[in-house]
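Make the full structure from the sequences, and use the hints.
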Amino acid sequence: MAKIINEPKSFSVNPLKSSQPLGAALAFLGVAGAMPLFHGSQGCTSFALVLLVRHFKETIPLQTTAMDEVSTVLGGADHLEAAIVNLKTRTNPSLIGVCTTALVETRGEDFAGDLATIRRKQADLLGDTKVVLASTPDFSGAIEAGWSKAVTGMIETVTAEPRRNDPQRIAILPGWHLTVADIELIRETVESFGLVPTILPDVSGALDGTVPGRWIPTSYGGCPVADIETLGECSHAIAIGEQMRKPAEALKAKAGVPYTLLRSLTGLRAADEFVMALAGISGEPVPARLRRRRSQLCDALLDGHFHFGGKTIAIAAEPDHLYMLSSFFADLGAETTVAITTAGDSDILEHVPAATVEVGDLGRLEDLSVGADLLVTHAHGRQAAERLGIPLWRVGFPIFDRLGSQHRKSVGYEGTRDLIFEVANIFQAARIEPTPMSLNPFRNREHPHDSRSSSEPRRH
Amino acid sequence: MSLAAKIQDVFNEPGCDKNLGKDAKAKKKGCSKPLTPGAAAGGCAFDGAKIVLQPITDVAHLIHAPLACEGNSWDNRGAGSSGSDLWRRSFTTDLTELDIVMGRGEKKLFKAIREIKERHNPPAIFVYSTCVTALIGDDIDAVCRRAAEKFGQPEVPVDAPGIVGSKNLGNKLAGEALLDHVIGTHEPDDVGPTDINILGEFNLAGEFWMVKPLFDTLGIRVRACIPGDARYIDVASAHRAKATMMVCSTALINLARKMEERWGIPYFEGSFYGVSDTSEALRSIARLLVQRGADAGLIDRTEALIRQEEAIAWEKIRAFRPRLEGKRVLLNTGGVKSWSVVAALMEVGIEIVGTSVKKSTVEDKERVKAILKDENHMFESLAPRDLYKMLSEHKADIMLSGGRTQFIALKAKMPWLDINQERHHPYAGYDGMVELIRQIDIALSNPVFAQVRLAAPWDEEGTLLVDTGSSVTADSAPGATPHPVPPPRGGRGPERHDRGQDAPPPQGGRAMGDEFGSAASLCPSTWSTLSPSPPVGGGRRPGEGSTERKALTRHALAVPASPRARAKTFANAALNDTDDC
Ligand code: SF4
Numbered sequence: 001m002a003k004i005i006n007e008p009k010s011f012s013v014n015p016l017k018s019s020q021p022l023g024a025a026l027a028f029l030g031v032a033g034a035m036p037l038f039h040g041s042q043g044c045t046s047f048a049l050v051l052l053v054r055h056f057k058e059t060i061p062l063q064t065t066a067m068d069e070v071s072t073v074l075g076g077a078d079h080l081e082a083a084i085v086n087l088k089t090r091t092n093p094s095l096i097g098v099c100t101t102a103l104v105e106t107r108g109e110d111f112a113g114d115l116a117t118i119r120r121k122q123a124d125l126l127g128d129t130k131v132v133l134a135s136t137p138d139f140s141g142a143i144e145a146g147w148s149k150a151v152t153g154m155i156e157t158v159t160a161e162p163r164r165n166d167p168q169r170i171a172i173l174p175g176w177h178l179t180v181a182d183i184e185l186i187r188e189t190v191e192s193f194g195l196v197p198t199i200l201p202d203v204s205g206a207l208d209g210t211v212p213g214r215w216i217p218t219s220y221g222g223c224p225v226a227d228i229e230t231l232g233e234c235s236h237a238i239a240i241g242e243q244m245r246k247p248a249e250a251l252k253a254k255a256g257v258p259y260t261l262l263r264s265l266t267g268l269r270a271a272d273e274f275v276m277a278l279a280g281i282s283g284e285p286v287p288a289r290l291r292r293r294r295s296q297l298c299d300a301l302l303d304g305h306f307h308f309g310g311k312t313i314a315i316a317a318e319p320d321h322l323y324m325l326s327s328f329f330a331d332l333g334a335e336t337t338v339a340i341t342t343a344g345d346s347d348i349l350e351h352v353p354a355a356t357v358e359v360g361d362l363g364r365l366e367d368l369s370v371g372a373d374l375l376v377t378h379a380h381g382r383q384a385a386e387r388l389g390i391p392l393w394r395v396g397f398p399i400f401d402r403l404g405s406q407h408r409k410s411v412g413y414e415g416t417r418d419l420i421f422e423v424a425n426i427f428q429a430a431r432i433e434p435t436p437m438s439l440n441p442f443r444n445r446e447h448p449h450d451s452r453s454s455s456e457p458r459r460h
Numbered sequence: 001m002s003l004a005a006k007i008q009d010v011f012n013e014p015g016c017d018k019n020l021g022k023d024a025k026a027k028k029k030g031c032s033k034p035l036t037p038g039a040a041a042g043g044c045a046f047d048g049a050k051i052v053l054q055p056i057t058d059v060a061h062l063i064h065a066p067l068a069c070e071g072n073s074w075d076n077r078g079a080g081s082s083g084s085d086l087w088r089r090s091f092t093t094d095l096t097e098l099d100i101v102m103g104r105g106e107k108k109l110f111k112a113i114r115e116i117k118e119r120h121n122p123p124a125i126f127v128y129s130t131c132v133t134a135l136i137g138d139d140i141d142a143v144c145r146r147a148a149e150k151f152g153q154p155e156v157p158v159d160a161p162g163i164v165g166s167k168n169l170g171n172k173l174a175g176e177a178l179l180d181h182v183i184g185t186h187e188p189d190d191v192g193p194t195d196i197n198i199l200g201e202f203n204l205a206g207e208f209w210m211v212k213p214l215f216d217t218l219g220i221r222v223r224a225c226i227p228g229d230a231r232y233i234d235v236a237s238a239h240r241a242k243a244t245m246m247v248c249s250t251a252l253i254n255l256a257r258k259m260e261e262r263w264g265i266p267y268f269e270g271s272f273y274g275v276s277d278t279s280e281a282l283r284s285i286a287r288l289l290v291q292r293g294a295d296a297g298l299i300d301r302t303e304a305l306i307r308q309e310e311a312i313a314w315e316k317i318r319a320f321r322p323r324l325e326g327k328r329v330l331l332n333t334g335g336v337k338s339w340s341v342v343a344a345l346m347e348v349g350i351e352i353v354g355t356s357v358k359k360s361t362v363e364d365k366e367r368v369k370a371i372l373k374d375e376n377h378m379f380e381s382l383a384p385r386d387l388y389k390m391l392s393e394h395k396a397d398i399m400l401s402g403g404r405t406q407f408i409a410l411k412a413k414m415p416w417l418d419i420n421q422e423r424h425h426p427y428a429g430y431d432g433m434v435e436l437i438r439q440i441d442i443a444l445s446n447p448v449f450a451q452v453r454l455a456a457p458w459d460e461e462g463t464l465l466v467d468t469g470s471s472v473t474a475d476s477a478p479g480a481t482p483h484p485v486p487p488p489r490g491g492r493g494p495e496r497h498d499r500g501q502d503a504p505p506p507q508g509g510r511a512m513g514d515e516f517g518s519a520a521s522l523c524p525s526t527w528s529t530l531s532p533s534p535p536v537g538g539g540r541r542p543g544e545g546s547t548e549r550k551a552l553t554r555h556a557l558a559v560p561a562s563p564r565a566r567a568k569t570f571a572n573a574a575l576n577d578t579d580d581c
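So the sequence lines, in the order shown, correspond to chains U and P. If you're matching positions, the first sequence starts at 1 in our numbering and goes up one per residue. If you're matching positions, the second sequence starts at 1 in our numbering and goes up one per residue.
Read the hints as simulated data drawn from the structure, not as lab findings. For every residue, glycine included, the Cβ atom is placed at its ideal position computed from N, Cα and C. One thing to keep in mind: the hints can contain errors.
[As the list claims (entries may be wrong)] Some, not all, of what chain U presents toward chain P, calculated at C-beta under 10 Å:
id: 1; residue: Ser12
id: 2; residue: Val53
id: 3; residue: Val85
id: 4; residue: Arg107
id: 5; residue: Asp110
id: 6; residue: Asp114
id: 7; residue: Arg387
id: 8; residue: Pro391
id: 9; residue: Arg394
[Stated by the list, open to error] For lysine-lysine, the following DSBU-like pairs were computed, each having C-alpha atoms within a straight-line distance of at most 30 Å:
id: 10; chain 1: P; residue 1: Lys413; chain 2: U; residue 2: Lys88
id: 11; chain 1: U; residue 1: Lys130; chain 2: U; residue 2: Lys88
id: 12; chain 1: U; residue 1: Lys130; chain 2: P; residue 2: Lys389
id: 13; chain 1: U; residue 1: Lys3; chain 2: P; residue 2: Lys107
id: 14; chain 1: P; residue 1: Lys150; chain 2: U; residue 2: Lys409
id: 15; chain 1: P; residue 1: Lys395; chain 2: U; residue 2: Lys57
id: 16; chain 1: U; residue 1: Lys9; chain 2: P; residue 2: Lys111
id: 17; chain 1: U; residue 1: Lys409; chain 2: U; residue 2: Lys311
id: 18; chain 1: U; residue 1: Lys9; chain 2: P; residue 2: Lys6
id: 19; chain 1: P; residue 1: Lys389; chain 2: P; residue 2: Lys413
id: 20; chain 1: P; residue 1: Lys413; chain 2: U; residue 2: Lys57
id: 21; chain 1: U; residue 1: Lys57; chain 2: U; residue 2: Lys130
id: 22; chain 1: P; residue 1: Lys111; chain 2: U; residue 2: Lys57
id: 23; chain 1: U; residue 1: Lys254; chain 2: U; residue 2: Lys121
id: 24; chain 1: U; residue 1: Lys9; chain 2: P; residue 2: Lys117
What follows is the structure, given as structure tokens:
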């Protein structure tokens with residue numbers, strides 16, 4: 001059980017976090033025809049937008065209420081209303097996802113109340129367009145929290161009382177750290193049991209990089225609003241990641257849909273649990289294709305373990321993602337010696353297979369990772385990797401200096417198999433041939449049992 | 001001065017041409033237009049301030065804010081550093097809810113300064129205020145003063161919270177911070193007669209390194225390039241330079257003017273984008289330095305260097321002409337840089353089929369009209385939807401713009417080249433312009449566009465089309481590319497072009513290079529030459545070579561009498577645009 005270290009610091013060096021409203025915006029982007037709207041000053045939106053575009057290499061719909069000095073002092077309800085009206089008139093989105101930023105939250109207003117008024121006042125104009133609130137000040141949480149709040153908000157605001165129960169239909173509530181390819185794989189897997197999944201949010205149709213053949217100003221693809229409305233008709237929900245407990249609870253409270261929470265879908269046992277859940281819900285046998293994939297994973301574990309065994313890994317990631325990654329390494333015999341995360345309040349953290357989990361930043365990762373075999377974090381880890389001379393495995397968000405991160409599978413038998421190969425190849429590429437110096441028994445005598453604390457590359 | 005007073009002061013900038021045209025009331029309102037909620041774009045003042053200061057490489061930049069301001073934006077620009085990498089590290093007080101509620105912001109900031117000083121001991125720490133810290137009333141000036149006293153190290157408050165306005169305003173507030181706290185705080189012991197400052201050069205993709213050797217050759221010392229690859233000590237000594245060149249025109253105009261006011265350093269506005277612009281910049285610097293006491297021989301040496309470098313550059317650029325002639329470009333940026341490249345584009349026979357004049361004045365628009373074939377191709381502003389339509393209907397062959405519109409072009413299956421700040425290629429100086437033309441060629445001739453425009457060989461239901469044989473060829477597919485397949489050879493550097501069998505350099509280069517040197521082409525009265533007129537000088541002669549294509553005829557009308565004049569004009573036309581800054 002990991003010890004969680006969360007000491008207040010006077011500043012961050014090379015932040016690990018992306019902001020909470022950005023996480024909420026991402027979740028709204030997984031709804032067909034949606035438009036996320038930051039309630040705050042224009043700059044926050046501009047930064048988030050640029051970062052999202054750099055990661056996805058896509059145009060990202062994201063708007064701002066454009067708060068200025070005057071409206072900040074007087075209150076932002078007018079700007080919020082004007083923004084919603086403008087968005088509706090100009091782009092006619094299916095859903096407007098309001099994400100509050102630190103600025104308006106610092107002043108503190110009754111956003112839910114304001115929105116209720118706006119919905120009432122503009123009912124004719126808004127028509128079918130839903131307006132959902134996620135309270136996501138930048139001064140707490142990060143992507144994970146923002147994502148979770150947005151999904152919870154959508155269920156609470158949009159999902160209706162169920163009129164029937166559809167035994168074939170299940171709800172999948174994936175955490176933010178799953179990729180487009182993961183979502184596609186999950187959908188196929190669920191369907192192979194004869195079940196009909198409603199995935200919320202579904203980034204697979206929205207952020208998967210296609211060329212639609214016409215200009216679409218909102219998100220395209222994604223979970224249809226109509227499906228969110230009828231989400232209560234699902235016979236069961238599978239939440240992936242501790243972050244999705246709240247949305248799953250909301251669905252249970254609203255429509256009585258029971259849920260299964262899977263901490264991760266990565267790794268043989270985790271994938272088995274997922275398949276068992278689906279087989280249990282559907283009453284169907286496990287399809288031959290999946291059985292074959294499982295067998296492939298077993299083989300990959302066997303081939304891969306040579307490269308993982310005894311390695312030390314330094315990971316910086318959001319809580320659920322950290323759990324998923326460190327478990328993956330633990331399953332292959334590698335040890336997570338440094339585990340850094342963004343927030344200390346997730347229940348998953350104590351399950352992370354590491355001695356300690358520290359709330360911190362990439363500056364801290366750099367300080368602690370001297371001598372590790374692999375750094376695992378998003379693209380901003382490149383500075384630490386350069387300075388430490390340790391390879392970096394880019395995961396999560398943002399990844400702006402490598403292509404294709406959305407199409408990388410990381411869940412199920414197939415995803416785990418691919419990850420093993422990907423990481424084993426990094427290890428092989430980074431292998432340093434022994435030299436007389438590196439094997440000299442008299443070197444580093446001051447650390448007789450462990451030469452890893454020196455910054456010299458380890459012998460492989 | 002309070003922040004509010006400072007902002008008014010900046011809005012009153014007399015060095016800004018645009019401002020001079022305004023009445024008192026309009027001035028008071030400032031440069032930023034009110035934003036429409038739900039339909040706004042662009043960065044905040046903090047963004048603008050950080051852009052201007054962050055490339056100072058050896059200082060620590062500390063952002064006093066909750067996470068978003070810095071967490072979503074750090075290490076995101078490609079300025080080059082030849083020394084310290086401290087500027088790329090991100091420092092932010094990352095305020096939590098508790099910090100805000102308990103009013104612990106200033107204390108945290110002070111501690112952060114101390115820890116950064118202890119760990120990195122930079123020559124200075126720049127401290128930035130942001131919306132939330134301004135709203136809760138944290139006094140970064142006071143904290144910086146206290147910290148500076150205590151730690152004996154300059155701490156520079158940069159008071160430009162996002163909420164006060166646009167990126168443009170932030171640029172200027174950053175200049176004010178340098179004036180108030182940095183420039184003039186160090187006396188260099190090696191003042192020389194040829195010391196200059198360059199303001200507003202960001203060294204993106206390291207491009208200033210393509211220009212600096214020109215100065216070195218002439219014996220001109222760049223005392224401070226602000227901010228690109230700058231060291232704190234150089235900025236602090238910038239008041240001892242003899243002349244200033246201001247590159248990104250509006251970003252730091254207030255800084256240039258006030259440096260002239262305070263320390264008598266004359267400045268001029270110039271650009272390193274464009275062959276003739278680069279020459280003109282060198283020339284102006286030489287002139288100013290000689291006026292201020294440098295050896296008069298500098299002017300001749302400068303002219304000699306210009307002659308030599310221009311001849312090489314134009315020759316290299318012209319070598320692309322057979323491949324690029326008649327291609328149509330859409331310039332979708334109001335930035336200075338786009339106008340500075342117009343001359344080079346025209347030199348290779350590229351036609352400008354459209355441009356955005358969103359931020360231009362009426363006068364500017366007249367100038368733009370003169371260069372475009374059809375004034376309908378001038379856009380106030382293009383909504384993404386319209387831009388997409390225009391591109392997908394193949395009204396242009398390539399779009400040059402900033403990253404914001406990149407995916408509009410790509411989704412329309414249209415080649416695109418970044419000419420704004422996120423770009424990865426250096427475009428400054430003589431070699432830079434050759435590189436730009438080369439990159440346009442590379443983008444235009446890439447075979448992927450022909451492929452992605454092929455219709456899928458099935459119908460909407462996924463049924464294979466019966467006559468698959470013909471329907472999948474490029475020629476019959478809707479929107480098939482008009483581009484030639486790239487010639488079957490390896491790397492296509494400009495050098496290869498020089499020797500390329502299929503791309504002989506056009507004639508007449510020498511004459512053109514010389515013509516640019518003449519003073520006449522610098523005179524504003526060359527406006528008249530902007531109307532369509534037959535090419536002179538190095539422009540291609542009608543009927544020369546394989547020029548019977550329609551596009552070329554169109555082009556011939558658009559060839560400038562003097563690319564220099566046009567580039568200059570348009571550099572002026574776009575002065576008030578800061579997209580690039
Ligand atoms: S608008 Fe304000 S809160 Fe947002 S990024 Fe700019 S300074 Fe920060």
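Hint check results:
no. : hint                 : result
1   : Ser12                : holds, 4 Å
2   : Val53                : holds, 7 Å
3   : Val85                : holds, 7 Å
4   : Arg107               : holds, 7 Å
5   : Asp110               : violated, 17 Å
6   : Asp114               : violated, 13 Å
7   : Arg387               : holds, 8 Å
8   : Pro391               : violated, 19 Å
9   : Arg394               : violated, 14 Å
10  : P/Lys413 to U/Lys88  : holds, 29 Å
11  : U/Lys130 to U/Lys88  : holds, 10 Å
12  : U/Lys130 to P/Lys389 : holds, 29 Å
13  : U/Lys3 to P/Lys107   : holds, 29 Å
14  : P/Lys150 to U/Lys409 : violated, 53 Å
15  : P/Lys395 to U/Lys57  : holds, 24 Å
16  : U/Lys9 to P/Lys111   : holds, 9 Å
17  : U/Lys409 to U/Lys311 : holds, 23 Å
18  : U/Lys9 to P/Lys6     : violated, 33 Å
19  : P/Lys389 to P/Lys413 : holds, 11 Å
20  : P/Lys413 to U/Lys57  : holds, 14 Å
21  : U/Lys57 to U/Lys130  : holds, 27 Å
22  : P/Lys111 to U/Lys57  : violated, 39 Å
23  : U/Lys254 to U/Lys121 : holds, 26 Å
24  : U/Lys9 to P/Lys117   : holds, 16 Å
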